[in-house]
Structures are given as C-alpha cells and as structure tokens.
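Residue numbers (our numbering), protein chains in the order written: chain A, 3 to 221; chain B, 152 to 456; chain C, 2 to 98; chain D, 8 to 558.
Simulated from the structure, these hints should not be mistaken for laboratory data.
We treat Cβ as the ideally placed atom computed from N, Cα and C, and that holds for glycine.
Treat the hints loosely; a few may be bogus.
Claimed, not checked - Distance condition first, Cα-Cα at most 25 angstroms in a straight line; then the derived BS3-like pairs of lysine-lysine:
(1) A:LYS68 - A:LYS127
(2) A:LYS140 - B:LYS416
(3) D:LYS78 - B:LYS197
(4) D:LYS251 - B:LYS416
(5) B:LYS416 - B:LYS446
Stated by the list, open to error - Among chain B residues calculated to face chain C with C-beta under 8 angstroms, some are:
(6) GLU243
(7) ARG244
(8) ARG245
(9) LEU403
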Amino acid sequence: MSISISPASEPFVGEQFDDIEQQRDAAKLGMWIFLATEVLFFGGLFLGYTIYRFTYGHVFVAASRKLDVLIGGTNTAVLLISSLLMAFAVRAAKLDQRRALVGLLAGTALLGCVFMSLKAVEYHKDYVDHLVPRMGFKWEGTDPGNAELFYWIYFAMTGLHAIHVTVGIAIMLVLALLAWLGKFAHGNHNAVEIAGLYWHFVDIVWVFLFPLLYLVGHR
Amino acid sequence: MDQFRLFPPQASTSSHEVDALFFALTLISLFFMAVIFLPIIFFSVKYRRGSSANRSNPTSGSFWVESGWTLGAVILSLGLFAWGAVVYFRIERRPSNAIDVQVVGKQWMWKIQHAEGKREINELHVPVNRTVALTMTSQDVIHSFFVPAFRVKQDVIPGRYTGEWFKATRTGEYHIFCAQYCGTQHSSMIGRVVVMEPRAYEEWLKSGEPTESIVLAGQRLFHDRGCSGCHAPNSQFHAPLLQGLYRKPVPLSEYLRDSILQPGKQISAGYQNIMPSFAGHLSEEEIMELIAYLKAIGNQPPPSP
Amino acid sequence: MEEVVQPNVYVRTCIALLMLLAVTWSIAYINLGPFNLIVALAVSIAKAIVIALFFMHIKGSSRILHLAAVAGVIWLLILISLTLGDYISRGWVPLNH
Amino acid sequence: MIRDATEIDIKTRGEFARDNYLSEHTVRSWLLTTDHKRIGLLYLGTILIFFLIASVAAALMRIELLTPQPKLVTSETYNKLFTIHGVLMVWFFLIPSIPTVLGNFVLPMMIGARDVAFPRLNLMSWYIFVAGGALALWSLIHGGVDTGWTFYTPYSTTYANSHVISMAAGVFVAGFSTIVTGMNFMVTTHKMRAPGLTWFRLPLFVWSLYATSLIMVLATPVLAITLALISVERFWGVGIFDPKLGGDPVLFQHLFWFYSHPAVYIMILPGMGVISELITCFSRKRIFGYAWVGCASMAIAILGFLVWGHHMFVSSQSVYAGMIFSILSFLVAVPSGIKVFNWTATLRKGAIHFATPMLYALGFIGLFTIGGLTGLFLAALAVDVHVHDTYFVIAHFHYIMVGGMVMAFMGGLHYWWPKISGRLYPEFAGKLAAMITFIGFNLTFFPQFILGYLGQPRRYHVYPPEFQIFHVLSTAGASILGIGYLMPLIYFIWAWRHGRVAGPNPWRATGLEWQTTSPPPKHNFKETPIVTAPPYMYSAEKDVDLNLASI
Ligand code: HEA
Ligand code: HEA
Ligand code: CUA
Ligand SMILES: [Cu+2]
Chain A
3 MSISISPASE PFVGEQFDDI EQQRDAAKLG MWIFLATEVL FFGGLFLGYT IYRFTYGHVF
63 VAASRKLDVL IGGTNTAVLL ISSLLMAFAV RAAKLDQRRA LVGLLAGTAL LGCVFMSLKA
123 VEYHKDYVDH LVPRMGFKWE GTDPGNAELF YWIYFAMTGL HAIHVTVGIA IMLVLALLAW
183 LGKFAHGNHN AVEIAGLYWH FVDIVWVFLF PLLYLVGHR
Chain B
152 MDQFRLFPPQ ASTSSHEVDA LFFALTLISL FFMAVIFLPI IFFSVKYRRG SSANRSNPTS
212 GSFWVESGWT LGAVILSLGL FAWGAVVYFR IERRPSNAID VQVVGKQWMW KIQHAEGKRE
272 INELHVPVNR TVALTMTSQD VIHSFFVPAF RVKQDVIPGR YTGEWFKATR TGEYHIFCAQ
332 YCGTQHSSMI GRVVVMEPRA YEEWLKSGEP TESIVLAGQR LFHDRGCSGC HAPNSQFHAP
392 LLQGLYRKPV PLSEYLRDSI LQPGKQISAG YQNIMPSFAG HLSEEEIMEL IAYLKAIGNQ
452 PPPSP
Chain C
2 MEEVVQPNVY VRTCIALLML LAVTWSIAYI NLGPFNLIVA LAVSIAKAIV IALFFMHIKG
62 SSRILHLAAV AGVIWLLILI SLTLGDYISR GWVPLNH
Chain D
8 MIRDATEIDI KTRGEFARDN YLSEHTVRSW LLTTDHKRIG LLYLGTILIF FLIASVAAAL
68 MRIELLTPQP KLVTSETYNK LFTIHGVLMV WFFLIPSIPT VLGNFVLPMM IGARDVAFPR
128 LNLMSWYIFV AGGALALWSL IHGGVDTGWT FYTPYSTTYA NSHVISMAAG VFVAGFSTIV
188 TGMNFMVTTH KMRAPGLTWF RLPLFVWSLY ATSLIMVLAT PVLAITLALI SVERFWGVGI
248 FDPKLGGDPV LFQHLFWFYS HPAVYIMILP GMGVISELIT CFSRKRIFGY AWVGCASMAI
308 AILGFLVWGH HMFVSSQSVY AGMIFSILSF LVAVPSGIKV FNWTATLRKG AIHFATPMLY
368 ALGFIGLFTI GGLTGLFLAA LAVDVHVHDT YFVIAHFHYI MVGGMVMAFM GGLHYWWPKI
428 SGRLYPEFAG KLAAMITFIG FNLTFFPQFI LGYLGQPRRY HVYPPEFQIF HVLSTAGASI
488 LGIGYLMPLI YFIWAWRHGR VAGPNPWRAT GLEWQTTSPP PKHNFKETPI VTAPPYMYSA
548 EKDVDLNLAS I
C-alpha cells in the first residue's frame, strides 16, 4: 500500500523492510485483505438484495425488466476490456515500458469514463421513466412499495459501485501522471500492481451486479 | 407488586420451567466458579513466590487433560442448549383454545382489545388458569411486551404480527414493561396485568359501556370500507368470496394483512389484480378487526353458488 | 525484474470473459424457470474466478493470497446463508393464528 | 526475599536509555511520526479522552438512577447519556484500547520487527480515528443522539429526532481506522517476523491480535455499510428497513449483529492475549497448553461469526434460526473455557508473584469467568426470553467488558509501562488501585444481575420503586470504581518523570520486547534478533533458588 517513489535506480525499500521482495509481498497481501473487506462492504447490500428477492420475487422480476439491458450489458463489456488494459498496464510497469504504461493507464481511465457516462445516461433515462424512488416514482403494476424497494436497492448497489469506479478513475489518472514522470521505473511498480488489483475487483463486482439487477428471471 | 424481593413472582406456567433452567445454570456456574477459583486460591497460596513447595517436574500441557475439559464443556453445552431449546419451543409456539387479545403498541402506550370488544390502555385483565394469546403489532417503532412475572417477552414489530401467550397461575397484579428501547418515554411505556378469578373476569368484561365484539366491528368495517362491494356473491367485480378462506392452509393473520395492504403481493389464482391497497387508510386496530371478521367468516363453509 | 505473463494470456482471458458475458445475456431470453438465476450466478462466478486467476495473478501466487481471496467470499456466504435461513424458516412454527 | 515488584529489578537494574523513541520533542515530530510506538501513545491519549467523556456519562446515569423518579435529567437527556456512553465506550474506547495502544506499541517488538508493515497507513488510521471521534463529538455537542448504541430501525431512521447521521458517520469513519489497523497487523504478523520466529513460537499476545485483526477486517465493513444505509434512509426517507415499503426492520438487526457480535470478541481477545502474557510471566512458568490457547483465539474469532442471532431471540426471528444460533453460542463458549482452564493450570507449580499486573490478571480471570458464564444464561433460549433487554444483560457485558477487558488493559498498561516510559510506577499504589477497582466493580455490577432477573428493563430512566435498593448499591459501587480508575491516571503521570528507572527488563520476562532498552530506540533493536527457542522459557524452580539466595 505504501506508494514508494524514488528516482534512484535501485528500487526503493521502506526502512521497515529487509528487501524489495518482502515489501512487494506485504503490499500485495495488504491489498488482498483490503479487497476482502470490500467484499463484505458490498456484502450488506447483497444480503438486502437476496432477502427481498426471496420475499418479493415477482415484483423484482417485473421491476428488473424496466432497466436497460443494452446499457448494462455494454457497460459490462466496457469494464471487462478496461480490465484487459489494466492487466497490460501492470505488465508494462514490470517491464519498465514507460510510454506503454502511461497510455494503458490513461486508456483504463478512459474506459472508466465511458462506463460512467453510460451510467449517467441510464440514470437519466430511469429518471424520465419515473423509476427513481422519491423523485417522481410511478409504478403501474402491482405492489408499488416493493417495486420501489427494488429500485432503491438498484440505486444503492450501482451507486456504491459507481463511487468505486470514480475513485478508480482518479487513481488511474494520478498513476498515469506519476508514470509519465517516471516514478515507477526500476522495479518501483508496486503502486501500479495494487491499483490494478483494485480495478479488477471493481470489475468483478459489476460482473455480479449485471445479471442480478438487469436479468432477474428471464426477459 | 411493589415490595422488595430478590426473585420475581412465579405467576405463570412458563415461569416454573424458565426458573428451573435458570437454577440449573446457576448451579453449573457455581460449579465452574468453584473449579476455577478454588484452585487459583489454592495455587496462589501454595506456590506463592518464595514458598518452599515442590516445583519439580512442572507440566506445560497435556493432550488428554486438554481434550478432557474441551469434551466435557462441549457435552455440557449441548445438554444446556437442548434444555433451553425445549422450553423455548413451548414458550414460542402458540397453543390452541386460547383467549384472543389484540395488542397494538405505539409510542408510548399499549392499546389492548379483547375479543369481546372491550378496550383498555396499559392494562390487561385476564382470568387465572386460562391460556391467553396476544396478537401484537406496532404502529410506529419496535416495542417489546414483557411480563416478568410470566417470564414472557416478545418484540412487537411494525408491519407484522407477532404472538405471545401465557397461562397465569396466580391472581394478582404484575408489571408490563416495554423492553425494547422505543424513544423518549420508553420507560413510561409500562402497565399492569390483572389476573382475576374467572367470575370476576366475566364481570369485568361486562362492566362499563357495552361494546361491539371485535368480529362485529370487523363486519361493520367490511361494509363501510367497501370490501363487500367486491367480495360479495353478486358483485359486478370478479373477486374471490372470502367465506371458507380461513380453512385453507395458508391464511394466517399475516397473510390476510398482506392481502389487505399489499393486494398485489400474492394474487389468488384466477383473479385479476384489481383490489386497491388499503395501506394508510386503515388503522392497525381496524385491520385487526377486519382480520377477526375474515377469520370468523373464513371458518364458515363457502356459500353454494 | 519480476516475471511477467505472456500478452496472449491476457487477451485470451478477456475473450473468454466476453464470451461468458454473451452467455449470460442470451440465456436471459430463454425461460429456464429457477435455472435462469442459477445459470446467471454460475457464469458470474466463473467470470470472477477467471479475473482473479489471470488478471489478478492469483494463479501462481502464494497460498496466503489464495486464502485472502476466498476469505471475503466465504464470510459473505456465512452472512447470507444464516440470515436467509431465518427468513426461510419463519412461519414454520406459527407464532400467531 | 523479594516482597515487592519494585525490588525485582535490583539485580537486573539497567539504565534509562537516553537514545530512545521519545527523544524528539516537537509537536511536528508527534503529528507526523510513523513510529508504531509513538502512534500507540497518540492512541492512548485519544482513547482516554473518550473514556473520560463516556465515564462522566456513566456517572451521571448512575447518579440519576439513585431514585426511581427523575431528579437530575429529563428522559431525553438520560437516553442521550446511555447512547453516548455506549457508543464512545464501545467504538472509541474499548475496541481500539488494547489493539491500538498496546498492540501498536509491542507487536512489532514482539516479533522482532523495526516497525509495522505500513507505518504511514498506521499514522493515517490514527487520523481517521480522530476524524471519526470529531464527528461523534460534533454530534454530541449539537445535542447528542438518543438511539442507543444499537441504532435499531425504524426508530433511528424515521422516528428519532436527534443527530443520528453525524453520529453514524463518526462510527463509520472510525470503522475504517479499525480496518486499516487490522489489515496492518495481519500483514505485519505474516511478513515481518524475525528469523526463526515460527508461528508456534509467537507470543500468545500476537496470536490474539492476529485473531482480533481477522475480525476487524471481516466484520467492520458490514457495520460500515449498515450505518451508511441508516444515514441514507434517514436522509432520503426511502429504504430497505422501512416496513412501509415492505422492508424489514429486523433485517437491520441481522446486519448490525453480524458485525457487533464478532465485535465483542474484538473487545475481549486482545485482553485474553495480555492475560496469557501476564499469567506466565508472573508465575515464572511456561504457559500450560500453549497451542491450545493460541488456537482457541482463532476458534473464537471464526466461530464468533456464526452466533449473532443470539441477540435476536425475541425479535421475531424464526424459532429454528434461534436454535441454531443458540447451539453455536454454546460452542463458541468452549474455547474461552479452554483458555480459563489453561491459565489456572499454569499457576500450578509456579512461583507466583503478586505484582500489580498479576493482580489485574487474576481479577480478569474471576470477572471474565462470571461474565462468560452468565453469557451462557443468555445463550440458553428460554432464559434469554426473560432476561433479554434487562439489567441482566447489562451486568453480563460489563462483567466481560469492564471486569474483563478494562482489567486486562490496565494489567497490560502496568506490565509494559516500564518499557513504554522506562520507569516504574509506585507498586503499592498500583496494588491498591487494582484492589479498589475489583471491589468497586463487583459492588456496581453484581446487584444488576438480581435486578435483571427481577425484570428491570435496560434503558429505563424511571423505574418501579421496589428496584431502588439495587440501584443504590450499584451507584455506590460506581463511585468506588471511579476512584480505582482515577488512581492509575495520577500515578502514571507522576511516574513518567519521577518513577524509578526500570531498566530493560524489570520483570525478567522472556519476550523479544524486553531484549531492547527501555524506552526502546527508534527502530526497536540495534540489530535484528534471531529466535531459537519457543516463548515463555521461564523456570519456577530456578526462580525460587535465585530469590532465596538473595535474602
Ligand atoms: C467483550 C464483550 C463480550 C463477550 C466476550 C461476550 C461473550 C459472550 N456473550 Fe455476550 N454480550 C456483550 C458482550 C460480550 N459478550 C454485549 C455488549 C451484549 C449486549 C449488547 C446489547 O444488546 O447492547 C451481549 C449480549 C449477549 C447476548 C444477548 C442477550 C440479550 O440481549 O438478550 C447473549 C446471548 O446469547 C450473549 C452471550 C454470550 C456468550 C455465550 C459469550 C461467550 O463468549 C462467553 C464465553 C466464556 C465463558 C463461558 C466463561 C469461561 C468458560 C468456562 C468457565 C468453561 C465452562 C463453559 C462451558 C460449559 C461452555 N451475550
Ligand atoms: C465498553 C465499555 C463500557 C465501559 C467501560 C462501561 C463502564 C460503565 N458503565 Fe456501561 N455500558 C456500555 C459499555 C461500557 N460501560 C454499553 C455498550 C452500554 C449499553 C448502552 C446502550 O444501552 O445503548 C452500557 C450501559 C450502561 C448502563 C445501562 C444504562 C441503561 O440501560 O439505562 C449502566 C447503568 O448502570 C452503565 C454503567 C456503567 C458504569 C457504572 C461503568 C463504570 O465502569 C464507569 C466507571 C467510571 C466512573 C464512575 C466515572 C469516573 C468517576 C467519577 C467522576 C467519580 C464520581 C462518580 C460517582 C459519584 C458515581 N452502563
Ligand atoms: Cu415501547 Cu419501549
Ligand atoms: Cu453476542
């Protein structure tokens, strides 16, 4: 986690560590533990989703059908491809390829922005369709209360995910800048690697959100 | 009710069962305290620094000793669990042939209504040696209906029915406490249960202004609120007849409640979802009265068409 | 210099992921009853595993990282299964009539 | 013969190390430090402030409860008092207490490391903690919160008109400090151990901190999301706990207790670790059943995640779920029992020395055992129906948290104080304080068991007059207890400058932290230690000889 920046040709090793190996292992383990906490952070919402889907299955199916699968599906693809770029970015960092690294990080950030833009379009569409709880919510079908509950969970989950994507974009941009300044040269690529783990994790979350929210039941 | 004591009165059938387990646990606790504290005191004296006790061959572990006390604790635990579970099951499962009482909790009072229609606030009159079953709900936050002398307690949840029952064994007055924190006056949400001789209870029921029974009140509502407009044999709407309904396996209070407040949740086979939701239009008491009525007609055979 | 993976591993991973996405997406238009959910979840789990193994390099890393990677999921399952257990078994003992 | 702890050091007496981690004195050197020892002290100062505020709330509550009818404060204020007492005590005092103060201070030294794995994150976690605390205090100053520390819905989301959001935000933020600390400790234990220090050579305190960290990392995020949901629901008025939309307020309780039950083990495991250190050191004997005690910590941490529903036996949770949670609660009690038994067995054939830390340790065993055994009453379904949400529960958890964990914290503080400050505290005062605490504690909380079984509900501002006598006893006890807490505060401050010089190892203990000077130098060791033996190589026999020879 400690972002070690040093222009020296030797990799920078924190004074608490014996060698770069130990430092890298520690950073990776720390990040994975952090990701475990992230799983449980989202977990509260997944629990709420599970319980209410179990209790109000029918309404959830009906409500899910109103969401835009095209945008949701496209966004899944966008994130998957961004993960590919990220994986290449980590590789470039390890191989000390500065230009490639800058480009790939910027590309990852760009795809993140595409994701967010599509998300914004979709949210707006939801608003126009009166699907936003408390903001002109209208439900023609049965059980408006429980349908509202579905959208509330939908916005909570995708909203929390969107916050994570936004943070991810910011991290990528900062890293791209630092990479451009050559801060990750000479084996100091720890920061890129753990940022990559974060980005892939955010991708995984969406991989679950897409079918659970957009494809409840069949369409 | 207001005197100094070290142990609460035992005034219901459950109280003896709970207390028996409580005493068993107390004994077991005393046993473990003895098993732990006595050796500590003994060792502290014998092996205090500088004493001339024999300290040769100290042990720092033994698989058999460890397994022994682990296993012992596990077995004892299972026994205690089983005992607790058996009594719990009895306390939680509502017996049949009970006197029905409806309880609505609100910040900060208990509104109680008897099947005969008699209402009271923060007081509950019951006959001795009869099973009394409460059906409870809350119109705002979570409360909890607690009668220490009966050893019963149950949270009262908004939007749902919970049940609690007891069979009082001694006449007298006992505390009702609200045990779930519910806001500023939580500690004033108290009342009393008055356990009476059956005769006195009958008289009490008849005293005061004459009241309409809960079922009759429900019937009146069924007409006044327009339910009968649809749920009648000759209605122009295609709605199910509710006679005989309660004999079906599903319909508990919970189901009837949902049918009235969230009609779309489970649609009866063969019907359109045209019934409007009555959420917000009926008070908790009115819903309970409607349910009582539906249960009453639900037990009748369906009219032949 | 740490070892790096061949680029085509990443490309193949990504293609596999996109194919799995196509699977979930299209399955959703076929009525499989409760299996819609099961298939969707199975595909998501497969995707997550692929991402973790190849993009996140769990493949070939130390055992402690494997543990850290599954711990969160196991704990989430504890949370969900025990809570769901409560909801499923409510009403098995009627608390009121 | 040696009669007093202060006398032990006569032979091993060393110097006050001039070159130590405290040498720099600027404010900047404190606020920007990444030294785990200094961060430990920063935490100590911070949590003491919260302890003080929460204790004043406790004192006001106890005084108010002297009479059945309100005298001192209104109901609204009373409700705010127990809320602030619970919130601050749990999240801003007890959870961080041993891990962030003693853990931060000694964990790296115990494993022979120069620092934790992520020193800067360590400092950051303190700042996050302070930010969370500031939010909580902001909420307090602006009128407080009256939901109880459990924030039950729908009261907290819809009905309470106090500052719930800022308080929830404070706890939310502080939660991240806990997560970061836990993650840091785990990585440190995995990756930073000195050569030769295998897992089964680790001191038991390290084992317990590792188990604690596991809980911190896996439970805290669930609390975070739950509090976030509460705030959002309160703010926007829609939500998943609202029965009006078909939401279930009981779902909140599942989420809350999924965190908060494991959290009670965050509040006891580190204490158990400290007790393991103290018992073996002051009976000069290897701990009995080392591996069992170590593994019991892990067992508690893991099993502890499976029992949360025992707080919900009367919540309308399903009867069968209640049974599952009950049986698991009984099983999670077993590893605690294993620990207690092993501590007792350790005393046998030892050379027991009743120094202040040992008095606290023995007090811990007694009070924790009582608290734990009453936990079994609560886990036994039928009994819990009666005592749930009564003073019986209050007594149960104060026995464990105050009688157990606070005692352990005090014991640990006394034990490592010579290392922290390089000086000894006055031994007689220490023993006296330990005794006063023990007596005051029992007087405060034992009557509450009786009160609880009689049916006195908790969170009651006014109560029926027949309960008064027990409340009076309890308040009397609290006054004595308060004195027991104030004394160490005074003599620690005094000893910081005027105490006798301790030397590197006044207790002649075996841990690596005692092999460096007191106070330790900035990077702990002049050279990295190499470990060749299991921990706790004490010998009671030799110890006695040594003493007798010195008469
Ligand atoms: C540090 C904190 C801490 C710890 C360690 C514990 C430990 C335990 N707790 Fe406690 N508990 C709390 C803090 C804690 N608790 C708090 C704060 C609450 C109230 C929250 C609120 O509502 O505000 C609470 C409430 C609480 C309840 C809910 C009560 C209610 O609201 O109705 C229950 C129910 O099962 C319970 C059980 C237990 C059990 C079985 C243990 C066990 O882990 C105890 C294990 C220890 C022993 C058993 C003693 C030693 C063992 C032996 C001597 C061997 C013999 C043992 C056997 C035969 C098994 N606790
Ligand atoms: C985690 C740690 C912790 C600690 C250390 C304590 C410490 C104490 N607690 Fe508390 N307590 C909780 C955690 C803790 N508590 C929690 C979680 C709750 C539940 C809250 C809720 O319901 O939401 C609770 C609730 C609680 C209640 C129940 C309130 C109610 O339900 O109505 C009471 C009542 O006696 C109480 C008392 C005390 C006392 C006397 C101390 C003592 O140890 C404190 C000793 C200190 C002093 C007494 C102050 C210093 C001394 C002086 C200033 C001298 C003068 C003093 C007097 C004249 C009395 N606590
Ligand atoms: Cu109603 Cu407390
Ligand atoms: Cu618990």
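Verification of the hints:
{"no.": "1", "hint": "A:LYS68 - A:LYS127", "verdict": "10 angstroms, holds"}
{"no.": "2", "hint": "A:LYS140 - B:LYS416", "verdict": "17 angstroms, holds"}
{"no.": "3", "hint": "D:LYS78 - B:LYS197", "verdict": "52 angstroms, violated"}
{"no.": "4", "hint": "D:LYS251 - B:LYS416", "verdict": "14 angstroms, holds"}
{"no.": "5", "hint": "B:LYS416 - B:LYS446", "verdict": "20 angstroms, holds"}
{"no.": "6", "hint": "GLU243", "verdict": "6 angstroms, holds"}
{"no.": "7", "hint": "ARG244", "verdict": "5 angstroms, holds"}
{"no.": "8", "hint": "ARG245", "verdict": "6 angstroms, holds"}
{"no.": "9", "hint": "LEU403", "verdict": "6 angstroms, holds"}
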